[in-house]
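Number of protein chains: 2
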Amino acid sequence: MRLEHHSADIVASAHAETALPVARLQGELGRTTGQLRFFAFILREGSFAGVQFDSPLPERLPAPRPDLRQRRIGVGPVAVFGASNFPLAFSVAGGDTASALAAGCPVVCKAHSGHPETSRLVAIAIGEALQAQGFPAGIFSLVTGSVGADLVAHPAIRAVGFTGSRHGGTALLAIAQSRRVPIPMYAEMSSINPVLLFPGALKSRGASIAADFVASLTLGVGQFCTNPGLVLLPRGTDGDAFRDAAVAALSQLPAGTMLTDGICEAYGAGVAAWENAPGVRALGRGAGAAGIRQGLPALFEVSMADFLAQPMLQQEVFGPAGLLVRCEGSAGFRQVLQALEGQLTVALHMDATDHADAHELLPLLERLAGRILVNGFGTGVEVAHAMVHGGPWPATSDSRTTSVGALALERFLRPVCYQNFPAELLPEALRDGNPWNLPRRRDGRAAQ
Amino acid sequence: MRLEHHSADIVASAHAETALPVARLQGELGRTTGQLRFFAFILREGSFAGVQFDSPLPERLPAPRPDLRQRRIGVGPVAVFGASNFPLAFSVAGGDTASALAAGCPVVCKAHSGHPETSRLVAIAIGEALQAQGFPAGIFSLVTGSVGADLVAHPAIRAVGFTGSRHGGTALLAIAQSRRVPIPMYAEMSSINPVLLFPGALKSRGASIAADFVASLTLGVGQFCTNPGLVLLPRGTDGDAFRDAAVAALSQLPAGTMLTDGICEAYGAGVAAWENAPGVRALGRGAGAAGIRQGLPALFEVSMADFLAQPMLQQEVFGPAGLLVRCEGSAGFRQVLQALEGQLTVALHMDATDHADAHELLPLLERLAGRILVNGFGTGVEVAHAMVHGGPWPATSDSRTTSVGALALERFLRPVCYQNFPAELLPEALRDGNPWNLPRRRDGRAAQ
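Protein chains in written order, with the numbering used here: chain A, 2 to 449; chain B, 2 to 449.
Treat the hints as calculated values from the structure; they're not laboratory data.
Any given hint could be a false lead.
Note: identical chains are not told apart, hence a pair may lie in one copy or across any two.
Once the Cα atoms are required to be at most 25 Å apart in a straight line, the calculated SDA-like pairs of lysine to any residue come out as [claimed, not checked]: (1) K204 - M305; (2) K204 - E361; (3) K204 - A424; (4) K204 - A216; (5) K204 - F301; (6) K204 - P423; (7) K204 - L426; (8) K204 - L427; (9) K204 - H356; (10) K204 - E425; (11) K204 - R236.
Start from the sequences and build out the full structure, keeping to the hints where you can.
What follows is the structure, encoded as structure tokens:
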């Protein structure tokens with residue numbers, strides 16, 4: 002793992018380019034290598050290859066059933082657009098790159114303009130690792146500059162992994178779809194990650210939830226795609242107490258330096274849009290003033306009716322700003338959820354007394370988001386098999402999969418069926434005797 | 002299975018509307034019910050639900066790993082556009098409908114204009130079956146008329162299954178992608194299903210392959226998406242002998258009635274385009290003349306150079322017409338394969354002496370088609386777990402899946418992750434104790 006040889010340089014560069022704290026970047030580098038090991042585990046386990054057989058029935062009438070064997074192969078070269086906010090864990094050597102390489106696809110990564118030097122150093126480390134393992138150098142390349150559109154349009158590219166803004170994602174998606182040969186694009190774009198505060202939890206521990214909420218909202222200057230930007234909570238005194246506790250906590254927190262000038266400007270514009278929206282009330286800001294390229298935490302409140310009347314209030318404000326929507330009880334939750342666009346996560350804060358209400362909303366929540374979590378916040382995306390970091394449009398461009406977790410690899414595979422192949426021409430994965438020792442299915446059931 | 006109650010009426014209607022032989026339609030009805038049973042088997046087996054857990058690590062530092070559980074749920078209502086050429090097995094109660102219903106998705110089927118009355122009868126049978134099982138009637142609806150574009154654009158529709166022409170498929174795909182919320186569309190559109198005749202097989206049994214080829218080419222008046230429309234074979238005397246045997250066999254076969262006037266007109270236009278293409282030589286036609294709505298078999302030949310110079314020769318001619326491309330040896334095969342668009346199938350006819358040549362081409366073939374078959378033809382698509390009836394663009398709009406076989410169901414599913422859920426709120430599929438007895442994975446491995 003050559004990343005580790007260069008870790009000091011890489012972390013120093015990322016710190017200089019993104020202003021992210023060194024400790025956070027060290028953790029992120031660990032996550033990057035952990036992610037590579039995760040996909041290595043999946044490769045060794047082998048289920049990803051999707052090997053399945055149908056037993057031939059040579060005597061069947063009116064026609065024999067042939068020998069059918071299926072496996073999955075890589076779709077071909079993948080273009081990867083890394084995220085601004087994870088210069089290590091979701092950029093050049095990040096999740097999309099790791100999953101595409103694991104699927105057997107060469108990767109062409111576009112360096113993010115927010116951390117070009119870090120991208121270059123990481124690419125060097127990948128190149129060294131490939132060379133050390135004897136892989137062809139062409140398996141991985143880094144391209145720089147304003148080449149994103151050309152990269153997606155290039156005939157050799159067969160799929161795209163993207164993490165970024167809705168604007169950028171939809172523009173590239175249009176290119177991917179209008180090629181002579183259209184290609185799949187996995188864009189993770191935009192999510193405001195609703196938080197539902199149920200009455201029981203609000204009453205029993207509203208102040209503690211408020212502290213946790215503010216911590217999650219402002220973590221990393223709010224620059225996480227799973228940042229909890231929208232809170233649904235009931236009208237009434239318990240909701241008021243939560244609000245007041247959140248404002249009090251937020252007002253202690255200073256401005257933080259954001260990743261890029263562009264993100265900082267967009268944050269300012271987003272907050273200004275909320276400030277000027279009819280019915281939206283500014284509750285409070287963080288401590289002090291924002292310096293150059295800094296974002297100051299901000300909290301707003303709006304009635305359910307005013308929220309529902311203004312779809313623009315659903316637009317993601319990337320940074321430490323949150324909007325509280327005061328709902329008319331649990332029925333109000335339903336009404337707001339029905340009006341929401343697709344999300345990466347939705348978080349439920351509830352006690353046992355709230356379970357019945359939550360249970361009724363569950364079918365709606367499942368249709369809304371890729372991950373539903375209880376008594377927590379979506380920030381912190383575990384690299385694990387069952388993780389879904391995805392969700393309905395516009396959270397992602399393809400809700401059938403995830404960019405973190407085991408299914409991330411499967412995005413870059415397609416099935417091929419081999420019918421009546423002579424033994425010596427079968428790929429190893431499909432040979433009798435199972436030389437690669439892969440999990441297989443026969444006639445629809447797990448087999449030897 | 003209420004289809005069986007109405008089978009006589011359904012078959013009689015389909016025969017009247019499509020001119021397909023009664024025996025073929027009876028077989029097709031059997032395939033339809035077989036397909037429903039196939040997906041019922043998959044549902045009972047349960048792997049489709051994709052249940053996987055990660056074990057929580059409450060003591061882990063710096064942060065605990067949460068309890069993560071994943072399953073897949075239906076994407077929502079699916080619009081199904083049935084095929085003209087399988088009025089029973091791939092239309093109203095066909096593969097797309099069966100797989101979407103199995104995935105838990107309501108289906109809105111658009112009746113094909115080639116067999117509206119058959120569609121109506123089959124929809125009645127489905128309605129009766131749903132009623133008998135106590136399902137809500139809204140699970141299945143049939144719509145008729147020129148409503149395809151409106152159906153794909155409708156906000157309630159969440160995915161589309163389509164079998165038809167490239168023109169129709171791409172038009173609907175553009176609508177699916179330009180919706181406010183874009184949706185996935187699985188369009189099976191266009192394929193000429195290359196057949197490769199290797200020298201050894203050609204020498205040892207060219208005449209018998211020629212007979213089988215002509216039988217496959219003209220089966221069902223050539224109206225199969227897996228119809229072998231393109232044959233690559235070497236120049237030289239063995240190739241000439243194959244050609245002459247194929248022409249002789251073809252010349253014995255009369256015209257056949259085609260499915261619709263439109264298909265018959267398009268067939269005539271396609272054959273005329275070949276007749277007028279530079280370098281394309283007409284080898285022979287079937288016996289007699291074509292009557293009203295009839296297609297007469299036709300065989301053409303072209304040199305490799307002329308084929309490569311005219312991409313229009315790759316356009317599917319839907320019907321009993323084939324084009325022989327005379328290649329310069331095995332290197333010629335490679336050159337032609339590299340120039341071909343994506344295909345549903347590619348068929349290799351070879352003896353043991355050809356295996357080395359075939360082995361070299363295999364990576365190219367895998368990238369070209371969804372199914373590679375040896376010493377057979379692609380007509381006859383087995384409903385089986387390992388089947389792939391799919392392939393790279395323009396064979397389908399989404400090469401990551403198949404419209405026949407086990408993966409067909411998975412097209413209409415998306416994953417949802419449940420994090421730290423209280424036991425009583427977990428869906429049954431994810432509960433401790435496994436009440437539904439589903440195959441599960443834990444920490445990336447098959448588990449109890």
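Hints, verified against the model:
1. For a Cα distance limit of 25 Å, the shortest separation of K204 from M305 inside one copy, 20 Å, qualifies, whereas the shortest one across copies, 78 Å, does not.
2. Taking the shortest Cα distances, K204 and E361 sit within 25 Å of each other inside one copy (20 Å), while across copies they are farther apart (70 Å).
3. Proximity of K204 to A424 under the C-alpha cut-off of 25 Å is restricted to the inter-copy arrangement: shortest distance 22 Å between copies versus 68 Å within a copy.
4. Taking CA atoms no more than 25 Å apart as the test, K204 paired with A216 passes inside one copy only; the shortest distance there is 20 Å, against 76 Å between copies.
5. Taking the shortest alpha-carbon separations for K204 and F301, only the intra-copy value of 21 Å comes in at or below 25 Å, while the best inter-copy value is 80 Å.
6. In this assembly of identical chains, K204 and P423 lie within 25 Å of each other by CA distance solely across copies; the values are 19 Å between and 69 Å within a copy.
7. Proximity of K204 to L426 under the C-alpha cut-off of 25 Å is restricted to the inter-copy arrangement: shortest distance 21 Å between copies versus 68 Å within a copy.
8. With identical chains, the CA atoms of K204 and L427 are at most 25 Å apart between copies only, with a shortest distance of 24 Å across copies and 64 Å within one.
9. Within a single copy, K204 and H356 get their C-alpha atoms as close as 15 Å, which meets the 25 Å cut-off; across copies the closest is 74 Å, which misses it.
10. Taking identical chains as interchangeable, the C-alpha atoms of K204 and E425 lie at most 25 Å apart only when they sit on different chains, with a minimum of 21 Å there against 69 Å within one chain.
11. Taking the shortest Cα distances, K204 and R236 sit within 25 Å of each other inside one copy (12 Å), while across copies they are farther apart (84 Å).
Going down the numbered hints, you'll see the structure goes against none, and every one checks out.
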